[in-house]
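Since the structure of chain A is already known, use the hints to place chain B on it.
Here are the chains, one letter per residue:
There are 2 protein chains.
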Amino acid sequence: MKKSLLKSKLKQIFLKHKLSKNHAEICSNYLVKAEILDAKGHGLARLKMYCDRIKAKVINPKPKIKIKKISSSASYIDADNSIGFVSADIGIKQAIKNAKKTGIGLVAIKKSGHYGLSSFYAEQAVNNKLMVFCFTNAPAALAPHGAKKSLFGTNPICFGVPTGGVPFVFDASTSMINRGAIRRADKLGLKIPYGVALNKQGRITTNAKEALRGTQLPIAGFKGSGLAWMVDILSGVFTGSSHGGKTKDPFDDFSGPQNMGHLFITINPKIFIGSKFIKEIKKNIKLVKKLPKAKGFSNILYPGERRNKTYKKNLNKDISIPAKISKEMDELNA
Amino acid sequence: MKKSLLKSKLKQIFLKHKLSKNHAEICSNYLVKAEILDAKGHGLARLKMYCDRIKAKVINPKPKIKIKKISSSASYIDADNSIGFVSADIGIKQAIKNAKKTGIGLVAIKKSGHYGLSSFYAEQAVNNKLMVFCFTNAPAALAPHGAKKSLFGTNPICFGVPTGGVPFVFDASTSMINRGAIRRADKLGLKIPYGVALNKQGRITTNAKEALRGTQLPIAGFKGSGLAWMVDILSGVFTGSSHGGKTKDPFDDFSGPQNMGHLFITINPKIFIGSKFIKEIKKNIKLVKKLPKAKGFSNILYPGERRNKTYKKNLNKDISIPAKISKEMDELNA
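Residue numbers (my numbering), protein chains in the order written: chain A, 2 to 335; chain B, 2 to 335.
Be aware that a few hints might be false.
Short derived list, chain B residues pointing at chain A, Cβ under 8 Å [what the hints assert, rightly or not]:
| id | residue |
| --- | --- |
| 1 | Ile71 |
| 2 | Ser72 |
| 3 | Tyr77 |
| 4 | Ala148 |
| 5 | Leu152 |
| 6 | Ile220 |
| 7 | Ile282 |
| 8 | Leu288 |
By construction, these hints were calculated from the structure, which means they are not laboratory data. Since this is a predicted model, take the numbers as computed values, not measurements. We put the CB at the ideal spot given by N, CA and C, even for glycine.
So that you can see chain A by itself, here it is in the shape it has in the complex (with noise of 0.2 Å):
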């Protein structure tokens, strides 16, 4: 389907939910976006989930949005349940104006939801010149080190940076997989990975289903719970949102809203060296592509560019849509 196309469908939808104009647009641009950067999991697979809990009354279709001035550098967001990307579009736009009045930016987000993915707002920083952090936590999906059951989210760390050109954005869960990426192989009825999760007894399992109700398993023992265990007391506990395993599963849990938390941090990178910033980070960036290349790569990318690679090349592709979704369009549209 071509993007434009699907974009007035989906902002038809959201209209359809009752969010607003402004809202609608946002949320489709978003989604089109993750779909463009083959980030299925945060994509059209998300639609349906996103209109049950508007019509559930969990998600705020009109939510009255808050930002509280702590400091000059520091705000505050009630998002009064609002879809996460409208939150978080509100509130990576509050840090950068922070950051750019006081050379840092702190924002933290409550009463939020899903928003996608955390690259999404770290590049609107890193185009406005700034470092940036970007924490969210997540519905339980990871056991911590020792436990054998689910209770962190797959909690993604998010670091950008300007490079002068394509940004740095890393942006990787604390999990062997993302989860979207499980959710989506049960959706369509594919394998997931041997050796990324495991079933309700604690064995590794391939199938999508029996992962999703076991526990996925955190990179490198306990220094991935750690990094998981530090996500949710940064975008949970800090921010006033849900924490240790509270955060609802937004297919599976309409029992109330998500309450998920997020919290960026923006840095002016030239505060301390001025515009010799930009000339370092260019070497540091080239003295690392330069090293000779192990076994299999014929270059070495820094975190950002595969993405931009990948967003380029679709980005005057249609984009295919899986006929159940599709269908599901359709209904939610009737």
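Relative to the frame of chain A, chain B by itself:
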């Protein structure tokens, strides 16, 4: 050896190497702390190296450390090639002061050296009721994803948060094993675990000397490599220090000062939700601890708990000093 005796011996050695009384005290305290924590790779095994570097004039025993105020939140420290312990000790105290005043502290340190464990500094911030990130770079030890040669250091990620009890301090290198542990194995003729390092030819080795000449493996492939890169940018590029593999190895490279960089970010955890924070973090930890345990685990520890247990266990014990290091100490004190 009794800790008090060891401390006074170390002080004598540092005084003999022209450190001020205050700086000799700081360095002795951190070295003994590393020994108490069983972090032998950061303890006495490094003493001779520090003294050798002073003699070679690549560590400045009498640094003129300058603290430049960038804003009420941000400070920039030129450590004048001091021992890392000294500059980091000054740096974390400044970061604590800044966060107490504005809610957020950001301190960059350039022209520094190896500072021991990041947790030394994180704990000080946490004991002052602050959340904290500590980042430092280190000499080339890890191959970036796609390369077959070391460039990143083992670049630890350290995050601390007050809990109302034992500090939560996550402090983990982005490598499979700490470089200090490999150095110590080399020094004492021990083997290293299988699968954590490659020799010069790119093959897995358990020989510490071969591993030091080869490259260590990052956790979780491109994820660990990306995290190490993030730390290199934050502590190296951003602070105006060495980066991109240019940090000199303190043991092998006496061609000049290390010019290591550190970055401390301190945050008042109560700025958004007030004193509810401690209640919530306690709840968070409780929720994790009561999960059903995996095979082989009788309880779940949070990051920092094991370190705290070790500290308490060893606090009233004498410190055992290998003959080789004991001899070094006598020679340095002669």
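Going through the hints against the structure:
1. Using the Cβ-Cβ criterion of 8 Å, the hint placing Ile71 (chain B) at the interface with chain A is satisfied: the shortest such distance is roughly 5 Å.
2. Annotation: interface hint on Ser72 (chain B) holds; nearest CB of chain A at approximately 6 Å, less than 8 Å.
3. Hint on Tyr77 (chain B) holds. Least Cβ distance to chain A is approximately 5 Å, under the 8 Å limit.
4. The beta carbon of Ala148 (chain B) is positioned within 8 Å of a beta carbon in chain A (closest approach about 4 Å), and the interface hint is therefore held.
5. The restraint placing Leu152 (chain B) at the interface with chain A holds, with a minimum CB-CB distance near 6 Å, inside the 8 Å limit.
6. Interface hint status for Ile220 (chain B): upheld, as the beta-carbon distance to the closest one in chain A is roughly 4 Å, under 8 Å.
7. The interface hint given for Ile282 (chain B) is met, as the beta carbon of that residue sits about 5 Å from the closest beta carbon of chain A, less than 8 Å.
8. The beta carbon of Leu288 (chain B) comes within 4 Å of a beta carbon in chain A, closer than 8 Å, and the hint placing it at the interface holds.
Comparing the model with each earlier hint shows no violations; every hint is respected.
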